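For the record, the sequence lines run as chains P and D. Under my numbering, the first residue of the first sequence is numbered 18, with each subsequent residue one higher. Under my numbering, the first residue of the second sequence is numbered -17, with each subsequent residue one higher.
A hint or two may mislead.
[Unchecked claim] Below, computed lysine to aspartate or glutamate pairings styled on EDC-like, alpha-carbon distance capped at 20 Å:
(1) D/LYS131 / D/GLU224
(2) D/LYS340 / P/GLU283
(3) D/LYS437 / P/GLU283
(4) P/LYS274 / D/ASP375
(5) P/LYS23 / P/ASP38
[Said to hold, decoys possible] Pulled a few chain P residues facing chain D out of the computed Cβ check, cut under 8 Å:
(6) GLY281
(7) LEU284
(8) LEU289
In case anyone wonders, no lab produced these hints; they're calculated from the structure. Keep in mind the model is a prediction, meaning the values are calculated, not measured. Glycine included, every Cβ here is placed at the ideal spot set by N, Cα and C.
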Amino acid sequence: MTGVIKITNRKYPRLLKKIPDPPEKLYYKGSWDADIFKDCLAVVGARRMTRYGEQITDLLVSEIAAAGITIVSGFMYGIDASAHKAALKSGGRTIACMPCGIDVVHPAHQEELYNEIIENNGLIISEYENDFPPALWTYPKRNRIVAGLSKATLVVEAGEKSGSLITADLTRKFERKLFSVPGQLTSAMSKGTVNLIKEGAGIVTSASDILAYYGAEGINKLEKNFLWDGLNNLEQSIIKELERESMEIDVLSRAVKTPVAVLGRELSLMQLKGLVKEGAGKYYLKVTKTQFA
Amino acid sequence: MLIKVCSVANSGLKTIGIDVEVNVASRGLPAFEIVGLPSKAVAESKERVKTAIVNSEIEFPQRRIIVNLAPADVPKEGSCYDLPIAIGILSLVMGCELPEKSLFYGELSLDGTLRHTKGTLLLALFAKEKKFTNIFVPKASANEAAIIKDVNVYPIENLKQLLDYCTGQIEITPAEYRESEEDTVSVEFDMAEVLGQEQAKRALEISASGGHNFFMVGSPGAGKTMLARALPGILPPLAEKESLEVTKIYSASGRIPPEGTLVKTRPFRAPHHTISQIGLTGGGSKPQPGEISLAHRGVLFLDEFNEFPRSVLEALRQPMEDGSLSISRSRERVKYPARFILAASANPCPCGYLYDPKRMCSCTQREIERYRKRVSGPILDRIDLHVEVPVVDVEHLSRFEPTQKNLTSSGQIRKRVKKARDLQQNRFKEETIHTNSEMKNRHIKKYCRLSAEVKQLLIQAVKQFHLSARSYFKMIKVARTIADLENSSEITINHMAEALQYRPRVKTE
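With the sequences and hints as input, model every part of the structure.
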């Protein structure tokens, strides 16, 4: 199933060829279809993402991927994996660039995702053959492929010394567009992204910011009002609070002035209805388009 | 000349009668032997008895004395045979009769006084069951034995006093049971002292009401330990029957102090995570109760749950299910009750700051996974209430000052808990169980009828949240307790929805 494309091949991605040191050979898994490289967006970010990062990745990527843009990322856990997953979920295509030999699933616990990418017309690519193990130096090497394949790079969350900043640097070096997601100034995981904005990266507040760059159009955005139909007062005030920020049940209980016992049952029901989501002890709104489509 | 003195041997919580046969031969070289599988402590009793008799200003007979502890094949241990051996010898030498239908039990000191001896409560229970009318025990242990009515408990100060009583020179009045004077629950923390953590407090209330195990996960400093230590303050007092059960365990393991009384407050045991498996479950060649049995009818608090060796935690599985633990050794098999509320707490990751909004977690994904895997699924599955305890933002809390002042105190919660427990007591009056958490599937069928609507909600939740079959029943039990707290005979959608809040979060995908 593994194939290889040489740089001399006509099918070799055009954008990648333009970078200073393109890989001589690209090993791949999946079916090679030159179309997949037409409009690529690199989505990178921290391994240790926050809930915010996961939520934003899900929100942005599912809309961008649904509009037909290929999502390229590094198959690491964290933002990378979330980006791949969001792309698959919305029926889009995605490319995973591996920092290791083409036969290695790294990290191994994401094997399910690995297979899913291949099964859904995606690609796994690497410049290393067989079972070449990942090393410290292969990650930054891999990043040049991620940035090189894409017209633009989106950094969702990055710490001060995140590896995603290497990809961001490369993007600028290759003279491609760099997008960054704003985050809270106090969050350690937003230090890198906020700095990128300061240095001139494009601010992303919705998927349309990126889609406009690609000249693509997003699917109709979620009608907010639809949400409010048939909700009771408590549900409405919960949503109002969560729209501002995700919070723990204790904090929410103070905000909506309702005892936890009562709030807990409401949240359970809302969760079952798919209105809110929960993770890392916090509740947040589940307003991805796919939920309401 | 031969005399038979009755005494007992305790094996676990079971008591068997022992005949202490003393023979003082008129012929043969002077000797003093004890036979009948005596342990070291029993064999050494020779020297204590001899010296105690001499120090009581009675001449020790220079005759051939053989003591047999019958039945001869049951191993005997402990120092409780000092008194029957000594009084047996004395009655033969002095030619006095011993009172009939009497049990003798106690350890001698070298000066002839009697020392506090463990297990007198079990002795008194045995006496009552086997229709012995009198028991003679050390004075310091008499109050403990006097818990049991219908048996004359004679508090004995020293050997001389007992001898004088047997020869009819003095009278000894049987001991009357005296309650301990201080009967207040001393609790480290009041619930009102814990800021924020409303959900965790609610979970504790449910836990106390239905006897449910609970598991708290949260960063260091979130208040997990404080919450767990506040739990005893909201538990209802021990019922009379429960109190006796607990006292029996404490008596058997020698944990009742001199002049001890019934254990009235629920035990709270918090062993450190370096505990051995035997220490937790009980055991040893002479099986002793472990922490789980000492926590019977109370709370077993395991702080830093993930730091406990896996083998130690796995040993909890069966007792958590059965409420008791049988310890089998080659020579004996004992069963200790172990019906406790398991209160566990853990950090979300090795460094502790995984979900902390202010601090960076320094663990890798793998480290976190390895850390979580230390507690097995089956153990987590046996825990009814799972709560996340976030770090309290003090600044945020201070904005809610007015509501902070009227925080519910432990006393108020305790009242609600008591009511819910009374409901359960009433419900299970024909069963052998006491609380909702003890319900087996047949009880659930009988006492927790779910309406179609509630059932549908639960089934949907099981699918959506990937709950196990065991969790399905746990949810019903928790919902039952929540309904009890509201004095509702029926489990409604609301009760079930709240119960779902406390489901195990296996993976949040």
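| said: Check the hint pairing D/LYS340 with P/GLU283 against an upper bound of 20 Å on the C-alpha distance. | reply: Violated. D/LYS340 to P/GLU283 sits at ~29 Å, over the 20 Å cutoff.
Holds or violated: P/LYS23 to P/ASP38, with C-alpha atoms at most 20 Å apart | Holds, because 14 Å separates the two Cα atoms, which is no more than 20 Å.
**Item:** Given pair status - P/GLU283, D/LYS437, alpha carbons within 20 Å
**Value:** holds, 17 Å
P/LEU284 as an interface hint toward chain D, with CB separation required under 8 Å
holds, 7 Å
When the least beta-carbon distance from P/GLY281 to chain D is tested against 8 Å, hint result: This hint holds: P/GLY281 lies near chain D, its Cβ roughly 4 Å from the closest one there, short of 8 Å.
- Query: Hint check: is the beta carbon of P/LEU289 less than 8 Å from a beta carbon of chain D?
  - Reply: holds, 6 Å
message = Tell me if the straight-line CA distance from P/LYS274 to D/ASP375 falls inside 20 Å.
response = This hinted pair holds, its Cα atoms lying about 17 Å apart.
* Given the proposed pairing of D/LYS131 with D/GLU224, does the C-alpha separation stay at or below 20 Å? -> Holds, at roughly 17 Å.
Checked against the numbered hints listed earlier, the structure breaks hint 2 alone; every other hint is satisfied.
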